[in-house]
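As you go down the protein sequences, you meet chains V and H in turn. Here the working numbering is used: the first residue of the first sequence is 1, the next is one more, and so on. Here the working numbering is used: the first residue of the second sequence is 1, the next is one more, and so on.
By construction, these hints were calculated from the structure, which means they are not laboratory data. One or more hints might be untrue.
It does not matter which identical chain is meant; a pair holds if it fits inside one copy or across any two.
[Stated by the list, open to error] Calculated cross-link-like contacts (lysine-lysine; reagent style DSS-like; alpha-carbon spacing at most 25 Å):
| id | residue 1 | residue 2 |
| --- | --- | --- |
| 1 | K110 | K120 |
| 2 | K93 | K110 |
| 3 | K116 | K60 |
| 4 | K29 | K116 |
| 5 | K32 | K110 |
| 6 | K93 | K61 |
| 7 | K3 | K93 |
| 8 | K3 | K120 |
| 9 | K120 | K31 |
| 10 | K61 | K110 |
| 11 | K32 | K61 |
| 12 | K93 | K116 |
| 13 | K3 | K31 |
| 14 | K110 | K60 |
| 15 | K3 | K110 |
| 16 | K3 | K61 |
| 17 | K32 | K116 |
| 18 | K120 | K32 |
| 19 | K120 | K93 |
There are 2 protein chains.
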Amino acid sequence: MEKSSREILSDNNISITNPRIIVLEQLLKYKKPISVEDLQDNLRGQVATSTLYRVLNDLKKINVISEFITPGNTTMIELSLHEDEHHHHLFCKSCGDVIDIELSLGFEQKLSSEIKSIEKNSFFIIEDHGLELIGRCSECRDSF
Amino acid sequence: MEKSSREILSDNNISITNPRIIVLEQLLKYKKPISVEDLQDNLRGQVATSTLYRVLNDLKKINVISEFITPGNTTMIELSLHEDEHHHHLFCKSCGDVIDIELSLGFEQKLSSEIKSIEKNSFFIIEDHGLELIGRCSECRDSF
DNA sequence: CTATTAAATGAGAATAATTCTCATTATTTA
DNA sequence: TAAATAATGAGAATTATTCTCATTTAATAG
């Protein structure tokens with residue numbers, strides 16, 4: 001059962017306002033990472049630019065969304081409603097499309113031990129990781 | 001034996017100018033990823049800002065440097081003189097330090113097969129990948 | 001349900017990073 | 001060494017994002 005945008009806001013004790021609802025609805029509908037630019041386009045006339053950025057920062061603070069930057073240098077936003085959803089990103093370098101992917105459990109385990117050995121050699125404490133895969137989506141792979 | 005900055009430029013058929021030499025020397029000396037900001041600071045008075053950006057773009061075009069963005073949103077530059085130097089990045093979220101790391105051969109092989117299976121499921125062609133490791137360096141890990 | 005208080009919004013100004021313009025200077029070529 | 005070509009420096013322009021502040025909206029107490 002999907003949480004409503006109102007619930008998301010009230011669960012996190014921040015006030016329920018129209019812009020916040022509109023932005024959340026858009027992200028809930030889109031269901032995958034979206035660029036700030038596309039968000040702006042889709043919400044034009046509904047949410048002021050300054051408000052959009054402020055709302056995004058508010059939602060980041062309560063960990064309802066996360067932000068990342070593509071290899072092509074585009075700022076992307078995605079919902080992160082479920083704390084447990086560890087995933088990675090696959091980027092199409094032609095059209096800029098980004099999709100979420102999960103690695104097999106076995107592979108994530110191998111990655112963990114590789115990370116442990118890197119910690120030993122580097123003297124870093126490693127707290128997080130992300131694998132970026134870069135290529136061409138099914139649409140774009142043929143246009144060459 | 002290290003290639004000189006002049007050699008790098010002439011090997012790539014672009015003209016040998018002072019700003020290009022100065023930028024290359026700085027990168028050769030620094031020997032690890034450096035932020036554009038730090039580059040600017042280090043070269044203040046020697047290379048105009050507009051020229052610095054232009055030189056960086058020139059060097060990118062001939063694949064002598066590569067650019068990437070940290071999770072903290074800082075643009076980093078690094079030499080990529082040897083086409084074969086496949087590596088990944090380890091980021092310190094406290095001080096922003098970035099170091100290059102290599103994964104074990106065995107692990108890169110496992111990653112390759114994982115990628116093959118992702119290609120099958122996603123219908124993407126995957127041409128490149130990068131693993132980002134995020135944590136705290138030996139200096140910063142204790143300051144908590 | 002209404003008044004008060006606190007918080008969020010919208011418009012546009014401010015900032016930061018990067019690119020562009022164009023007159024001047026340096027480099028390459030013949 | 002001269003002519004042609006390319007690169008530079010200074011600052012203007014652009015883009016993405018943040019900030020300011022007067023107005024509006026939402027939360028809270030009675």
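Hint check:
1. K110 to K120: both (16 Å within a copy, 21 Å between copies)
2. K93 to K110: Between copies, since 24 Å is at most 25 Å while 28 Å is not.
3. K116 to K60: neither (29 Å within a copy, 33 Å between copies)
4. K29 to K116: neither (38 Å within a copy, 30 Å between copies)
5. K32 to K110: neither (27 Å within a copy, 27 Å between copies)
6. K93 to K61: Only across copies: K93 and K61 sit 17 Å apart there, 30 Å inside one copy, limit 25 Å.
7. K3 to K93: neither (33 Å within a copy, 32 Å between copies)
8. K3 to K120: So K3 and K120 fail the 25 Å test inside a copy (42 Å) and across (33 Å) alike.
9. K120 to K31: between (38 Å within a copy, 22 Å between copies)
10. K61 to K110: The answer is neither: 32 Å in one copy and 36 Å across copies each exceed 25 Å.
11. K32 to K61: within (20 Å within a copy, 32 Å between copies)
12. K93 to K116: between (31 Å within a copy, 18 Å between copies)
13. K3 to K31: within (13 Å within a copy, 49 Å between copies)
14. K110 to K60: neither (30 Å within a copy, 34 Å between copies)
15. K3 to K110: Classified as neither; 34 Å inside a copy, 38 Å across copies.
16. K3 to K61: Within one copy, since 19 Å is at most 25 Å while 47 Å is not.
17. K32 to K116: between (31 Å within a copy, 23 Å between copies)
18. K120 to K32: Between copies only: 20 Å across, 36 Å inside.
19. K120 to K93: Answer is between; shortest inter-copy Cα gap is 18 Å, intra-copy 35 Å.
Checked against the numbered hints given earlier, this structure breaks hints 3, 4, 5, 7, 8, 10, 14 and 15; the rest are met.
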